[in-house]
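Colleague: Chain residues, written in single-letter form:
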Amino acid sequence: MIEVLRAGLLTSVQDLGRKGYRMSGVCTSGALDTLALHIANRLVGNMPEAAGLEVTAGPVHLHFTQTTRVALSGADFNATLDDHPVHAWWSFPVEAGQTLRLHTPKIGMRAYLAIHGGIDVAPMLGSRSTDLKAGFGGLNGRALKDGDLLPLGATRSSIRTSHALQMPAFGIKAPGWHRFEHRNLREENKTSLCGTPGTSVRVLRGPEYSHFTAAAHEHFWSEPWLITTNSNRMGYRLAGPELTRTKNLELLSHAVLPGTIQVPGNGQPIVLMHDAQTTGGYAKIGVVIQADLWRLAQARLASNLYFTECTITDARTAYADLQRYLTQIEFAIDQQYQGYAQSTKAPA
Amino acid sequence: MDFPRIFPFGEGALVCESPAPATLACQKRFWAMAAAAQQWPQVTEIVPGMNNLTVFFDPLAADVDTLAKMLAKAWRTADDNLKPGRLVEIPVCYGGQSGPDLAKVAQHTKLSIEEIIKRHTHTEYTVFCLGFQPGFAYLGGLDPKLATPRRAEPRVAIPAGSVGIGGAQTGVYPASSPGGWQLIGRTEAKLFDPMRTPPTLLQPGDRVRFTIASQTTITL
Numbered sequence: 001m002i003e004v005l006r007a008g009l010l011t012s013v014q015d016l017g018r019k020g021y022r023m024s025g026v027c028t029s030g031a032l033d034t035l036a037l038h039i040a041n042r043l044v045g046n047m048p049e050a051a052g053l054e055v056t057a058g059p060v061h062l063h064f065t066q067t068t069r070v071a072l073s074g075a076d077f078n079a080t081l082d083d084h085p086v087h088a089w090w091s092f093p094v095e096a097g098q099t100l101r102l103h104t105p106k107i108g109m110r111a112y113l114a115i116h117g118g119i120d121v122a123p124m125l126g127s128r129s130t131d132l133k134a135g136f137g138g139l140n141g142r143a144l145k146d147g148d149l150l151p152l153g154a155t156r157s158s159i160r161t162s163h164a165l166q167m168p169a170f171g172i173k174a175p176g177w178h179r180f181e182h183r184n185l186r187e188e189n190k191t192s193l194c195g196t197p198g199t200s201v202r203v204l205r206g207p208e209y210s211h212f213t214a215a216a217h218e219h220f221w222s223e224p225w226l227i228t229t230n231s232n233r234m235g236y237r238l239a240g241p242e243l244t245r246t247k248n249l250e251l252l253s254h255a256v257l258p259g260t261i262q263v264p265g266n267g268q269p270i271v272l273m274h275d276a277q278t279t280g281g282y283a284k285i286g287v288v289i290q291a292d293l294w295r296l297a298q299a300r301l302a303s304n305l306y307f308t309e310c311t312i313t314d315a316r317t318a319y320a321d322l323q324r325y326l327t328q329i330e331f332a333i334d335q336q337y338q339g340y341a342q343s344t345k346a347p348a
Numbered sequence: 349m350d351f352p353r354i355f356p357f358g359e360g361a362l363v364c365e366s367p368a369p370a371t372l373a374c375q376k377r378f379w380a381m382a383a384a385a386q387q388w389p390q391v392t393e394i395v396p397g398m399n400n401l402t403v404f405f406d407p408l409a410a411d412v413d414t415l416a417k418m419l420a421k422a423w424r425t426a427d428d429n430l431k432p433g434r435l436v437e438i439p440v441c442y443g444g445q446s447g448p449d450l451a452k453v454a455q456h457t458k459l460s461i462e463e464i465i466k467r468h469t470h471t472e473y474t475v476f477c478l479g480f481q482p483g484f485a486y487l488g489g490l491d492p493k494l495a496t497p498r499r500a501e502p503r504v505a506i507p508a509g510s511v512g513i514g515g516a517q518t519g520v521y522p523a524s525s526p527g528g529w530q531l532i533g534r535t536e537a538k539l540f541d542p543m544r545t546p547p548t549l550l551q552p553g554d555r556v557r558f559t560i561a562s563q564t565t566i567t568l
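Protein chains in written order, with our numbering: chain A, 1 to 348; chain B, 349 to 568.
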């Protein structure tokens, strides 16, 4: 069991999302940075789809009533375990009675905590993710509160529990959030809005791209977009030059998906995230490619976002690269555990 | 019926869309296509919209051109003579605190309150698609006389089960949410329950009839 001593601003139980119910109006929910949760789960020997915690803003204090193994990933929240620093993208054993504290992130927005065996809340419609808007899934369909108790240990593991409890701490190198090049941008542009470097994501033209003016196209690809503080798990509301349309057609409701960049009447884009509604009627100027959604999830409020155009071929290659990266990381983690298993078997 | 446009939406979805306005005949074809596409192994999700259908797939596992061809074929061969869906009755408590905007709708439509209730309950609606909220149904068939513009300022929170009119549409809010529709009544029917299979009361193709609930069913 984990006792939540301090729940922080927005901490929720999430897995890799709810699939197959979009036609019923049920959104995906799930970790916004799926890469981070996937890897954190593997770091503690879980299957990738086990439920963990998504921490959006600290401080979060968690008290463990049982011995287990945890991993932190995503943004580095300067965590401590009983006052000893522990790193992000590390996997380490925790003893009953210890307290893990996540403070505030230096960069990035969201931290993920995976626990050996996962968080044992009841799956709803095939997922343990919290649907905060509809109020189901996760722990009672809501964000965590001080005093909550989280049951542990329902999901299948890929390693023996004794190894998970005993193996010393180890970690991996964090994937680079800002490594992606701002190909079309002048260096000085990057810091023009808020003084901190921005995040760049690759974007495909949306179905209504041609409804916008040439000036709107120019602004869309070249200007920095401020991620306003009026952003959440449903969507990032951006501020920048007004995107004007040449055609002002009333659109009938269509499916929308995480990454969709829609432009309402005020000309200020909104990038939809995993908790967004499943259908929408606003013009869709672009779609952030799937391989960059996790990068978007770590883009901080009040920082700049840049859009770089790419092709469907680029998007598929990036997606394949991401899958290959995950396979390599999983292999490396498995090697760690196997090495440990063999070393404990060897005669003294 | 015009052949629909098929175009990519991101790297993992294809949209099949007919020109507006949405008609029931056209929508029936999309339901038939949706039923077919749901059986294809490379399709992970389908989402019918108003006059359109989106299919989702794994960008590495599916071949987009093949999928587009399959969609085009499914449109040509779709059976739009589907037998009518289930008839679902939704009892509504009209007016009072359950429907605070009923008088406003009367004012706008120049119809009496009795006439509005009569017209709202004497129509058989069709569920075109679900979206916006879990279990929220886009209904076709509102009497054009009842069309009333949305409120200038949306309410911050509308109670679950609220029945409203927004422009030329009518529907039920399954969960409490912000909203700008004119509220004419409320139902105790549960439009979404994650513990139920299927979780939604209504499915695309179902027919809906609103009935007058006894005034005592909702505590005011």
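There's no promise every hint is true.
What the hints assert, rightly or not - Derived DSS-like pairs: lysine-lysine, alpha-carbon spacing no greater than 27 Å straight-line: (1) B:Lys538 - B:Lys466; (2) B:Lys466 - B:Lys452; (3) B:Lys421 - B:Lys431; (4) B:Lys493 - B:Lys466; (5) A:Lys133 - B:Lys421; (6) A:Lys19 - B:Lys466; (7) B:Lys493 - A:Lys19; (8) B:Lys538 - A:Lys19; (9) B:Lys493 - B:Lys376; (10) B:Lys538 - B:Lys421; (11) A:Lys145 - A:Lys173; (12) B:Lys493 - B:Lys452.
Derived by calculation from the structure, the hints in this document are not laboratory data.
Colleague: For each hint, tell me whether it holds in the structure or not.
Modeller: Quick rundown of the hints versus the structure:
no.	hint	verdict
1	B:Lys538 - B:Lys466	holds (23 Å)
2	B:Lys466 - B:Lys452	holds (16 Å)
3	B:Lys421 - B:Lys431	holds (21 Å)
4	B:Lys493 - B:Lys466	holds (12 Å)
5	A:Lys133 - B:Lys421	violated (38 Å)
6	A:Lys19 - B:Lys466	violated (41 Å)
7	B:Lys493 - A:Lys19	violated (40 Å)
8	B:Lys538 - A:Lys19	holds (22 Å)
9	B:Lys493 - B:Lys376	holds (25 Å)
10	B:Lys538 - B:Lys421	violated (38 Å)
11	A:Lys145 - A:Lys173	violated (32 Å)
12	B:Lys493 - B:Lys452	holds (14 Å)
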